[in-house]
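Peer 1: Can you make the complete structure from the sequences, with help from the hints?
One point on numbering: in our numbering, the residue at position 103 of the sequence shown is 123, and numbering is uninterrupted.
Bear in mind the hints are in silico, worked out from the structure with no lab data behind them.
Where a beta carbon is used, it is the ideal one built from N, C-alpha and C, also for glycine.
Hints may be right or wrong, so weigh each one.
What the hints assert, rightly or not - Computed Cβ-Cβ distance ranges for the label pairs, DEER-style:
| hint | residue 1 | residue 2 | range |
| --- | --- | --- | --- |
| 1 | Ser71 | Glu117 | 26 to 36 Å |
| 2 | Leu64 | Gly84 | 33 to 43 Å |
| 3 | Ala60 | His140 | 18 to 28 Å |
| 4 | Ala60 | Asn83 | 30 to 40 Å |
| 5 | Gln112 | Gly81 | 17 to 27 Å |
| 6 | Gly84 | Asp26 | 38 to 48 Å |
| 7 | His119 | Gly68 | 33 to 43 Å |
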Amino acid sequence: YVICADRKLRYENGKYSHIAYIGTTKKGLARVAGSAAYRAEDILWSRGVQSFDVRLVTCPGRNGIRSWCRLERAMIIAFREMFGEIPLCNVQGSGFEEHREFITFRRSRIDQIIRDLSDHGAKSERTAITDTIDQDEEG
21 YVICADRKLR YENGKYSHIA YIGTTKKGLA RVAGSAAYRA EDILWSRGVQ
71 SFDVRLVTCP GRNGIRSWCR LERAMIIAFR EMFGEIPLCN VQGSGFEEHR
121 EFITFRRSRI DQIIRDLSDH GAKSERTAIT DTIDQDEEG
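Peer 2: Given below as structure tokens:
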């Protein structure tokens with residue numbers, strides 16, 4: 021899941037993104053809601069931020085692969101490469117190195133999701149709340 025602020029946040033390389041946090045859970049929506057509540061103060065203390073949305077990005081399970089963890093890592097790596105640092109409210113990820121994330125998931129698809137959420141974030145009514153990376157879109 022991705023937490024998006026209602027305004028763009030400035031990142032290290034001078035670029036702006038609505039993305040404040042990229043996370044994962046295998047415990048369901050309750051965990052997502054709890055995580056959003058936990059990070060609310062950090063997000064809302066950012067200058068000018070009045071609200072945020074949570075966007076779900078899912079992928080099908082695969083035997084022997086913790087695909088949800090691999091998807092989170094791929095998204096954090098792609099974000100860091102685009103914006104020069106990890107999302108504002110992420111703690112882990114600055115030292116992530118690429119392993120098999122972009123074999124499992126097509127880099128162009130991950131980049132597209134990051135760009136769409138960075139550009140439109142919480143304000144976008146046209147962006148689906150859930151984005152599923154299908155089997156045929158995987159590496």
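Peer 1: State for each hint whether it applies.
Peer 2: Cross-check of the supplied hints:
no., hint, result
1, Ser71 <-> Glu117: 26 to 36 Å, "34 Å, holds"
2, Leu64 <-> Gly84: 33 to 43 Å, "40 Å, holds"
3, Ala60 <-> His140: 18 to 28 Å, "21 Å, holds"
4, Ala60 <-> Asn83: 30 to 40 Å, "36 Å, holds"
5, Gln112 <-> Gly81: 17 to 27 Å, "23 Å, holds"
6, Gly84 <-> Asp26: 38 to 48 Å, "40 Å, holds"
7, His119 <-> Gly68: 33 to 43 Å, "37 Å, holds"
Against the hints set out earlier in the document, no violation occurs for any number.
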